[in-house]
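> Using the sequences and the hints given, assemble the complete structure.
Next come the chains, spelled out residue by residue.
Protein chains: 2
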Amino acid sequence: MTNITEDERKVFYKVLHSRRDVRSEFLQKPIPEDVLSRILKAAHHAPSVGFMQPWDIIIIEDQSKKEELKQAFIKSNNKVADLFEKDKKKLYKSLKLEGILEAPIGVIITCDKNRTGPVVIGRTTNPEMDVYSSVCAVQNLWLAARAENIGVGWVSIFENDDLKRIFNIPEDIIPIAYLCMGYVSDFHEKPELEKVGWLPRMDVNELIHYNTWEDKNESK
Amino acid sequence: MTNITEDERKVFYKVLHSRRDVRSEFLQKPIPEDVLSRILKAAHHAPSVGFMQPWDIIIIEDQSKKEELKQAFIKSNNKVADLFEKDKKKLYKSLKLEGILEAPIGVIITCDKNRTGPVVIGRTTNPEMDVYSSVCAVQNLWLAARAENIGVGWVSIFENDDLKRIFNIPEDIIPIAYLCMGYVSDFHEKPELEKVGWLPRMDVNELIHYNTWEDKNESK
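If you read the sequences in order, they're chains U and Y. Residues in the first sequence are numbered from 1 upward in steps of one, following my numbering. Residues in the second sequence are numbered from 1 upward in steps of one, following my numbering.
Hints are computed from structural coordinates only; laboratory data are not their basis. In this text the structure is predicted, and so the values were computed from the model without any measurement. Be aware that one or more of the hints could be misleading.
No copy is singled out in the list; a pair is fine if it fits within one copy or between any two copies.
[Unchecked claim] Here are the simulated lysine to aspartate or glutamate pairs, DMTMM-like style, with alpha carbons at most 25 Å apart:
1. K65 / D161
2. K216 / D62
3. K190 / E8
4. K89 / D112
5. K10 / E189
6. K10 / D62
7. K79 / E67
8. K113 / E159
9. K216 / D161
10. K190 / D34
11. K113 / E194
12. K216 / D82
13. K195 / E171
14. K113 / E206
15. K65 / D215
16. K164 / E128
If you want it as structure tokens, here you go:
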């Protein structure tokens, strides 16, 4: 059995806790093939329901495709700003929420619900389990990138129909994430939305319940 | 900036690639408070859309609650076996798919779509982004547990209505995962469903596309 030592555990947490959602710090330094390959392998070794491995990965380096997505982002984001109340609206408009054009590569992770046939172990009572597997692949990729000192930012402000049109994604494939990826000048110490005062970090102890939902904040 | 060295990167991948979905190898050794606390902190430091931190965590140690869930699993699983064709059905019935009673603790991760109000940065065009955040918390927890030499198994064969009833989860809270957690006698070298020949590990290169969906299996 592969044992993880105390020192190794600390290294793991160092990677996990220094992962950030990156929007502004991308460098133009290219990502070597072997580095990208290790990161994609990490995504592919995510858990998947019934071992169906429902993901596909689209690597985007074509700047014209990124331009098209940026336009889709701008269209959606303009509609969004008006949803926030006065003070929040001003702050919202000042936030940089994506690095689509600046990141050397974009990565799309999808979910193919038909990957291994109609019946999948573990998806029979919860039809969303395949989508959850693809999200696990995103998180594996994100952490692996951090271990390679590469930043990742998840962009979700565009219509999925626009994304599917731009990248010719078939009708029955579900886009899960568009990720901006590249080396960075720096990783922020804290999440940017925490730093600018958008929302505070919650106390994890207030989110823990014991045995049933109503038993909260009690020692076991 | 926290730099991750080559040696540290290798440690990270060692943890990531030795993570397994555990069903059979749970030991009765209790999980110390500080260990559990580090694992839950890792979950809480997952990325979340608009920093909304939509998750709650229910820790289950009550054996009678586990028994109720086991019954819900058995009820659902009996219905499932008949969905598989002849050979697969026999294999399916031979598989152990959960360790609900054996795992010292169960962990439920949920998603509260109303956590920070109706408008959330990044959830405006894709309403599922909050659910995806809670899945990222699951994957962080899973990997952190592995770094602590603790096994995790995601059980998804029961009706969510049963889960909500057993643990008194409010109507508007979405259960994302029920995780069995505990120290283990061993971690399998490969995923169990791969080992028993249920499905093969796919070649990741067959899942990679370049710039558009149709450009596949080509060097950049």
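> Quick one: which hint numbers does this structure break? Sort them smallest to largest.
Per hint list: 6, 12, 13 violated.
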